[in-house]
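Trainee: The primary structure of each chain is shown beneath.
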Amino acid sequence: MKLQHSLGGLQGLGPVDFQKNVFVHEWEKRIFAIHTAMMALSSHLSASLPNYPIDSVPTSFKDIWTWADLRRGAESMQPFEYFKFRYYEKWLGGITGFFLEKGYITKEELEADMAVYLREGNVHPAALPNHEQPAIDEQVLRYLVEGDSGRRPRSKAQRFTVGDMVTIDDPDCNEHTRLPGYLRNKKGFIDVVYPDSYAYFPGPSDRLQTPQISYSIKFKAADIWGEQMSEPGCFIYADIFECYLK
Amino acid sequence: MLFEIALRIYSKTLSNPFVFPVMSIPGDELFAYSANRELESAAKVRALESLLIKKGVISSSTVDTVLHYFDRTMGPFNGARLVAKAWCDPDFKNLLLTDCNAACQAIEMPTGMSGAEGEIMKVAENTPDVHNLIICTLCSCYPWPTLGLPPYWYKDPTFRARAAREPRAVLEEFGLSIDPDVEIRAWDSSGQIRWWVLPERPAGSEGMDEAQLASLVTAEAMMGVAKVVL
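Read top to bottom, the protein sequences are chains A and B. Just so it is clear: in the first sequence, position 245 is 317 by the working numbering, and no numbers are missing. Just so it is clear: in the second sequence, position 120 is 134 by the working numbering, and no numbers are missing.
These are calculated hints, taken from the structure and not from any lab test. Hints may be right or wrong, so weigh each one.
With a Cα cut of at most 30 angstroms, we get these calculated DSS-like pairs of lysine-lysine [as the list claims (entries may be wrong)]:
(1) K292/A with K241/B
(2) K99/B with K92/A
(3) K74/A with K162/A
(4) K68/B with K174/A
(5) K228/A with K258/A
(6) K290/A with K259/A
(7) K101/A with K174/A
(8) K290/A with K241/B
Kindly generate the complete structure, drawing on both the sequences and the hints.
Mentor: Here you go:
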């Protein structure tokens, strides 16, 4: 069991910090935008539905980077480390690690540039280098506008229909899953069978290598947590891929 | 007097070993932060952006291009327009609840409503009998085109953990008391759908036009942690 897969239902946490800001420090905006640009320039987009001409975009980025890679990084963390770092601190760690590992930048370069910006206290940091390349920004904007839908035609028949009672499977836990841990081995009812199938992103995951039929599954809270440990009149609806159903 | 203070500190130490930092406690070192935590992160992201520009991964303006897009084009103002229109036009409301992406296309919305993180959106309707709440227990899935980027509390592990088990208690903390007779539905997004909520139209808003109504609708109401009020 991975703690970060099984956050749902964790008890004893105290009140929610109702922080309404999207970013709590200015620097967080920039790592968000770097991640979004990487998704927009990812080489897997050559096989996407919008058919982006990704090979001809004048960027030196030649790898795959999707939500799956960001999530995989967070899910692979030592669980206590996961809770130590704030949301965008995890992003910064994962994305910097990726660029170092892939050789786009070196540790020495990063430390040298960090020293410059630290010396300046980040109040009025030195200007960024000048590299005009409108075609990169055009692709990034086009990705934001057209997206990367995983919707694909069905290649097999659905196993369940509306009203069926289903049991969620309990697959081996590896570095990436889209199955919320608290639903493992729980029983729910098929509420909607979504049309078509849905491809997930490339890379290792527990069962998402091929496009999946997807269901909206309705769970009674008491069936998940027990009558005593749940609130009355509550239901959870989860969109679950067929590969996670027994 | 001094003895009393010393005794009080001593007994407090006994009942709570974390009053004084004791580095011999296993795991303590894991939660030690650098005193320059934010400065170092700011310098690191600046260094990273600078290097990525130098290496030709992104351009000098790529980061600002992304940020402007969410400042100006994609935000909760889009969702608010759809909600206001649905309150005024029953046919549009049906379309919104059946096919959110088609509803966005049916009226003049910015291009990109089916773009990143809005490829497939669905809307859950609040009624006098049902209150909906969106959550993402695995990460922070959120409908960017209609609601913009998610606030910190939505991404916070405490909210993600508690909203799944005790939504009524969490909503109380947000200042929203849901009648025990009202069913609560929490939509945990981990698949292909990005969910959001069609809130109830507030009483007393009968004479208002769509633009006035839209100005009442908050991101919190479209996440299900607030009601729309006049």
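Trainee: Please name the hints from earlier in the document that this structure breaks, with their numbers sorted from lowest to highest.
Mentor: When the structure is compared with the hints, none of them turns out to be violated.
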